[in-house]
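Enquirer: Offset between the sequence shown (1-based) and our numbering: plus 14.
Note that these hints are calculated values from the structure, not bench results. Treat the hints loosely; a few may be bogus.
[Stated by the list, open to error] Restricting the straight-line Cα-Cα distance to at most 25 Å, the calculated cross-link-like pairs of lysine-lysine (BS3-like) are: (1) Lys238 - Lys51; (2) Lys185 - Lys51; (3) Lys206 - Lys51; (4) Lys206 - Lys238; (5) Lys184 - Lys206; (6) Lys238 - Lys184; (7) Lys238 - Lys185.
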Amino acid sequence: MSLTFFPNQMELEFLLRLVLTCVCGLLVGIERTKQQKAAGMRTYLIVAIGACVYAIVSKYGFLDVVGEEDVYVDVSRMCSSIVSGVGFLGAGCIFMREDRIEGLSTSAGIWGIAAVGTGLGIGLYLPAIATTMIILVVQIALHNGSKSVFDVKGKGRIIIDIDDKASSLKKIQSILEARNIDILYTEMEVHKDHQLTYRFRVNLPEGLNIAETATQIYRETNAKSIDI
Numbered sequence: 015m016s017l018t019f020f021p022n023q024m025e026l027e028f029l030l031r032l033v034l035t036c037v038c039g040l041l042v043g044i045e046r047t048k049q050q051k052a053a054g055m056r057t058y059l060i061v062a063i064g065a066c067v068y069a070i071v072s073k074y075g076f077l078d079v080v081g082e083e084d085v086y087v088d089v090s091r092m093c094s095s096i097v098s099g100v101g102f103l104g105a106g107c108i109f110m111r112e113d114r115i116e117g118l119s120t121s122a123g124i125w126g127i128a129a130v131g132t133g134l135g136i137g138l139y140l141p142a143i144a145t146t147m148i149i150l151v152v153q154i155a156l157h158n159g160s161k162s163v164f165d166v167k168g169k170g171r172i173i174i175d176i177d178d179k180a181s182s183l184k185k186i187q188s189i190l191e192a193r194n195i196d197i198l199y200t201e202m203e204v205h206k207d208h209q210l211t212y213r214f215r216v217n218l219p220e221g222l223n224i225a226e227t228a229t230q231i232y233r234e235t236n237a238k239s240i241d242i
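Assemble the whole structure, with the sequences as input and the hints as a guide.
Expert: Next comes the structure, spelled out in structure tokens:
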């Protein structure tokens, strides 16, 4: 067995794949971080890089034993394990909040970026990069959405987790009133970490853009999460 510190052409190719994986993971992770999701840049980057390295090891890590007598290598086995492992990670992002399931898009995003990392690891550049672009388009376009997607009318609820500041409640109320949202009643829950949860039962006006409303509340208050 020889040991050298000078990379050969194949190792430089591996390095390129890792760099591309970093770029793809960061692109999706940055978008998720901007949307204040629990899984952000670090999570997406680490998942993508990990999947890429596992794919490289699976395809190229056993070349020295291929062809040996009574040695059989299944290069797909480790890649299938990536899917299983990421499935457990994604399951941890899904939870119930009252009558609503949250975290599905985050879980799907982690699963998707693992597929991107795996594809780049085995050298499928075009499909992996195209998948990254598709994930970004879906996350951005369907989050902000067209007006028809977010136009709502009727009764609804707004749940906001926020820092313990009385002034924030007044600010939230003024934002909702400015957008012609009628507040029917308000509930408040105090947590041990000095966080507050406000629950508003409201009448939502016709033509209300939920994305713009949530963005304004994030921008002008100390809100940690918003559920409309």
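Enquirer: Now tell me if each hint is right for this structure.
Expert: Hint check:
1. Lys238 - Lys51: 10 Å, holds
2. Lys185 - Lys51: OK: lysine 185 and lysine 51 at ~23 Å, within 25 Å.
3. Lys206 - Lys51: 22 Å, holds
4. Lys206 - Lys238: Within the cut-off at roughly 15 Å; holds.
5. Lys184 - Lys206: Holds, at roughly 22 Å.
6. Lys238 - Lys184: 16 Å, holds
7. Lys238 - Lys185: 15 Å, holds
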